[in-house]
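Chemist: Protein sequence lines, in the order shown, are assigned to chains A and B. Residues in the first sequence are numbered consecutively from 1, following this note's numbering. Residues in the second sequence are numbered consecutively from 319, following this note's numbering.
In case anyone wonders, no lab produced these hints; they're calculated from the structure. Computed from a prediction, not measured in an experiment: that's the story for all the values here. Do not rely on the hints blindly, as some may be mistaken.
[Unchecked claim] The following label-pair restraints were derived from C-beta to C-beta distances:
1) A:His122 <-> B:Pro324: 25 to 31 Å
2) A:Pro19 <-> B:Ser369: 19 to 25 Å
3) B:Pro324 <-> A:Ala271: 32 to 38 Å
4) B:Leu343 <-> A:Leu191: 16 to 22 Å
5) B:Pro324 <-> A:Arg307: 38 to 44 Å
[Claimed, not checked] Covered by chain B, according to a simulated footprint, are these stretches of chain A (three or more residues, beta-carbon under 8 Å):
6) 15 to 23
7) 126 to 137
8) 220 to 228
Glycine is no exception: its CB is placed at the ideal position from the N, C-alpha and C atoms.
Residue strings, one per chain:
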Amino acid sequence: MAGDSSRKEASRCTVCREPAVFFERQTNRHLCGTHLIAEIEERVAKTVMDRNLIVRGDTVAVGVSGGKDSSALLMILSRIVPSIPDVRLVAITVDEGISGYREDTILAANRLVESLKIEHRHVSFTDLYGDTLDTLLAGRETRSCTVCGILRKKALADAARSVSATKLATGHNLDDEAQSVLMNVLRGDLLRLVRDSSTDSSGRFIPRIKPLMYVAEKEIAAYLLLHDAWQDLPECPYAKFALRQDARAMLSTLEYRYPGTMVRLMESKEAIETSCTVEINANPLGSCRECGEPCSGELCQFCQLRRELDRPLSGSGY
Amino acid sequence: MRLILPDRSERVIATATVPLDQLLLAEGINPLGVIATRDGALIPEDAPVRSGDVIRLIQIAHGG
Numbered sequence: 001m002a003g004d005s006s007r008k009e010a011s012r013c014t015v016c017r018e019p020a021v022f023f024e025r026q027t028n029r030h031l032c033g034t035h036l037i038a039e040i041e042e043r044v045a046k047t048v049m050d051r052n053l054i055v056r057g058d059t060v061a062v063g064v065s066g067g068k069d070s071s072a073l074l075m076i077l078s079r080i081v082p083s084i085p086d087v088r089l090v091a092i093t094v095d096e097g098i099s100g101y102r103e104d105t106i107l108a109a110n111r112l113v114e115s116l117k118i119e120h121r122h123v124s125f126t127d128l129y130g131d132t133l134d135t136l137l138a139g140r141e142t143r144s145c146t147v148c149g150i151l152r153k154k155a156l157a158d159a160a161r162s163v164s165a166t167k168l169a170t171g172h173n174l175d176d177e178a179q180s181v182l183m184n185v186l187r188g189d190l191l192r193l194v195r196d197s198s199t200d201s202s203g204r205f206i207p208r209i210k211p212l213m214y215v216a217e218k219e220i221a222a223y224l225l226l227h228d229a230w231q232d233l234p235e236c237p238y239a240k241f242a243l244r245q246d247a248r249a250m251l252s253t254l255e256y257r258y259p260g261t262m263v264r265l266m267e268s269k270e271a272i273e274t275s276c277t278v279e280i281n282a283n284p285l286g287s288c289r290e291c292g293e294p295c296s297g298e299l300c301q302f303c304q305l306r307r308e309l310d311r312p313l314s315g316s317g318y
Numbered sequence: 319m320r321l322i323l324p325d326r327s328e329r330v331i332a333t334a335t336v337p338l339d340q341l342l343l344a345e346g347i348n349p350l351g352v353i354a355t356r357d358g359a360l361i362p363e364d365a366p367v368r369s370g371d372v373i374r375l376i377q378i379a380h381g382g
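One chain only, chain A, in its complex shape:
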């Protein structure tokens, strides 16, 4: 294998000259552990402040599965939230009932939330919908991520309401968001591409915020490893059925070859958003004719799924 003579010496942190632990491809910078942690926390704080994601007096429900993204989210929020007056954090863990997978991540979530001394609520698909995801999916495995996504979103929203949350934070990172942009384009779903759920002037739903939206998945993994908080958890058994897997592989290859691809995709999405106010205003959120929840069609996704599964899903355990 041919070597690159310019890269035979260990690299040093661009900021302090200590040995580097991370290479930021987009900016061509090397960072030591201390400066990588500081960089990530400052970027999240800037995202939160610039976009008014969390403001004085908010109760922020944080979806915490125990996986890497939500764990990092809770750790970072617990550090930056004290700088915003009167903010309450509540961790919410949803047990979908995925055998051989969710048990381990829930234990990890419990340990983390306890160590941070944050209020913690648990909800489960069995309590909310009468059965585990494994049972609900029987024969529908190829749609697992769609079904799980709709039910989990509803479970999180209901649980957030039950603690009087004013914001619902999830651990979606830069890779997730860029993948979603690509998937919405591939599906031709312009409305979903441009609809912003981080604010709600109508007061009809709890705004969903994504403070890690500009932190790459690899940075999150490094952040946890540096905090000795990385957990080698199993992969969701349904992940192989997801369109997202293909989008992830495609974008990861592009990002490696053309650093900054994912950020530019996000910037494109935001440019489209600002150009699409006519389209959005022409399609204001309506109300589901069965449950009354905000939605863009006649039925919300949850009620559509309830019909498809041909079973009564209570929809709220509260």
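Fit chain B to the known structure of chain A by using the hints.
Modeler: Chain B alone, transformed into the frame defined by chain A:
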């Protein structure tokens, strides 16, 4: 050098000193899909790796 993969299987690779990302690409692994440690310490994806090193890879993408 020994490359320990996320599934804990190992590959023994005869190599001169090369940047880790070049070695990973040659092994069919996207450097953005993993983080790497040497002697338990995180190393950058372009760190030089050499004969005698034991590099452990951790898969970062989970979920669906």
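Chemist: Honestly, do B:Pro324 and A:Arg307 meet the 38 to 44 Å range at C-beta?
Modeler: Holds, at about 40 Å.
Chemist: Is the gap between the beta carbons of B:Leu343 and A:Leu191 within 16 to 22 Å?
Modeler: Violated: the Cβ-Cβ distance is about 39 Å, outside 16 to 22 Å.
Chemist: Check the following: the C-beta atoms of A:His122 and B:Pro324 are separated by a distance inside 25 to 31 Å.
Modeler: holds (30 Å)
Chemist: Count the residues of the stretch 126 to 137 of chain A whose Cβ falls closer than 8 Å to any Cβ of chain B, and tell me whether that reaches three.
Modeler: violated (count 0)
Chemist: Counting residues of the stretch 220 to 228 of chain A that have a beta-carbon nearer than 8 Å to any beta-carbon of chain B, does the count reach 3?
Modeler: Answer holds; 5 residues pass the 8 Å Cβ test.
Chemist: Against the range 32 to 38 Å, how does the distance between the Cβ atoms of B:Pro324 and A:Ala271 compare: consistent or not?
Modeler: holds (37 Å)
Chemist: If you check the beta carbons of A:Pro19 and B:Ser369, does the distance land in 19 to 25 Å?
Modeler: 20 Å Cβ-Cβ, so the 19 to 25 Å window holds.
Chemist: Counting residues of the stretch 15 to 23 of chain A that have a beta-carbon nearer than 8 Å to any beta-carbon of chain B, does the count reach 3?
Modeler: holds (count 4)
Going through the hint list in order, the structure does not satisfy hints 4 and 7.
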